[in-house]
Amino acid sequence: MTSPADPDKNDRLTVALVQMTSGLDPARNIATVTTALAEAAERGARLVVTPEMTTLLDRKRRRLLATLADWPAERQIAPLAQAARRHDLWLILGSIPVLDETGEKAWNRSIVIAPTGAVVACYDKIHLFDVDLGDGEAYGESRLFHGGHRAVVTACAGWRAGLSICYDLRFPALYRALAQAGAEILTVPAAFTRPTGRAHWRSLLRARAIENGAYVLAAAQTGSHEDGRQTYGHSMVVSPWGEIVTEAGDEPALLVAEIDRAQVRDARRRIPALDHGREFVVVDYGHASCKDAQEGGWQQPRPAGAARGGTG
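Numbering (the working numbering), first residue to last: 674 to 985.
To be clear, the hints were calculated from the coordinates, so they are not data collected in a lab. Do not take every clue at face value.
List time: in silico SDA-like cross-link candidates among lysine to any residue, alpha-carbon distance up to 20 angstroms [claimed, not checked]:
{"hint": "1", "residue 1": "Lys733", "residue 2": "Arg685"}
{"hint": "2", "residue 1": "Lys733", "residue 2": "Thr775"}
{"hint": "3", "residue 1": "Lys778", "residue 2": "Ile799"}
{"hint": "4", "residue 1": "Lys733", "residue 2": "Gly820"}
{"hint": "5", "residue 1": "Lys778", "residue 2": "Gly813"}
With beta-carbon atoms standing in for the labels, derived distance ranges [what the hints assert, rightly or not]:
{"hint": "6", "residue 1": "Glu952", "residue 2": "Leu697", "range": "44 to 54 angstroms"}
{"hint": "7", "residue 1": "Ala811", "residue 2": "Leu947", "range": "22 to 32 angstroms"}
{"hint": "8", "residue 1": "Asp805", "residue 2": "Asp933", "range": "22 to 32 angstroms"}
{"hint": "9", "residue 1": "Gln853", "residue 2": "Gly813", "range": "43 to 53 angstroms"}
{"hint": "10", "residue 1": "Arg701", "residue 2": "Tyr958", "range": "58 to 68 angstroms"}
{"hint": "11", "residue 1": "Arg943", "residue 2": "Ala872", "range": "22 to 32 angstroms"}
Beta carbons: idealized from backbone N, C-alpha and C, even for Gly.
Please take these sequences and the hints and turn them into a complete structure.
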């Protein structure tokens with residue numbers, strides 16, 4: 674999904690990332706974000722990004738669904754859209770849970786709100802976190818959420834933003850597709866666990882920025898949550914060259930930084946990887962096929978059913 678060109682085109686943009694500890698009460702979580710928006714505006718931000726599950730973080734299925742029955746998407750979004758309008762801000766709600774028509778599952782949905790208060794784009798998380806980390810820590814997002822099927826780039830504060838959510842970060846093809854569709858900013862709202870955050874968070878964020886010559890804006894949940902989850906924090910802005918521009922710790926925080934489109938252009942000029950992708954096939958010869966290849970003068974036959982791929 675692509676929005677029309679944004680007339681508010683700024684080569685330099687001040688962005689803010691909200692790092693918070695969302696809980697079981699949407700009203701309290703919304704109040705936290707509303708306060709952060711006022712501070713972000715005071716500090717000169719034009720675009721604010723919040724974490725995954727901004728308005729409600731609960732991995733208990735029945736309790737989550739019951740809360741969402743009282744808190745439809747419109748009720749979650751309205752006060753935050755009003756605050757964005759009041760402070761003349763672009764707001765990317767990293768994600769909120771949106772109940773489906775059956776009432777038995779939800780969508781993990783990122784929402785883009787313009788300074789007018791209008792919702793201009795949304796994205797449903799594609800890759801769901803169904804993992805067993807060991808030591809009793811397991812997650813089954815597909816029990817709670819539907820998986821999305823559309824990648825989204827949208828105009829936002831004069832830039833092109835590619836939307837993603839948390840576990841999407843481990844699937845680089847999504848980010849390459851977003852960058853090739855024009856994204857200069859890649860948003861990664863997240864609720865990374867502490868073990869995976871310590872091991873992988875910085876490396877994955879820097880890799881996605883470097884691979885695509887794009888800014889990465891990663892707003893994260895942090896701390897101990899009411900549903901028993903513990904999240905890593907360390908929200909950060911990463912430059913198109915892979916440098917960490919600013920990083921939070923493990924406490925709630927508001928990060929503010931300036932990003933510069935000239936750095937996107939420079940990174941993509943120096944390493945034009947977006948232009949260099951080529952189609953290829955994956956060939957698994959096996960032992961017998963290696964012999965066949967040798968007898969054929971080391972030609973590279975294409976076996977029937979060889980998998981296609983590409984770096985682009």
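We went through each hint and held it up to the structure:
1. Lys733 - Arg685: 42 angstroms, violated
2. Lys733 - Thr775: The hint holds at about 18 angstroms.
3. Lys778 - Ile799: 15 angstroms, holds
4. Lys733 - Gly820: 18 angstroms, holds
5. Lys778 - Gly813: With Cα atoms ~13 angstroms apart, Lys778 and Gly813 stay inside 20 angstroms; holds.
6. Glu952 - Leu697: 44 to 54 angstroms: 48 angstroms, holds
7. Ala811 - Leu947: 22 to 32 angstroms: 37 angstroms, violated
8. Asp805 - Asp933: 22 to 32 angstroms: 42 angstroms, violated
9. Gln853 - Gly813: 43 to 53 angstroms: 32 angstroms, violated
10. Arg701 - Tyr958: 58 to 68 angstroms: 60 angstroms, holds
11. Arg943 - Ala872: 22 to 32 angstroms: Since Arg943 and Ala872 have Cβ atoms about 30 angstroms apart, the given range 22 to 32 angstroms holds.
The structure fails hints 1, 7, 8 and 9 (numbered hints given earlier, in ascending order).
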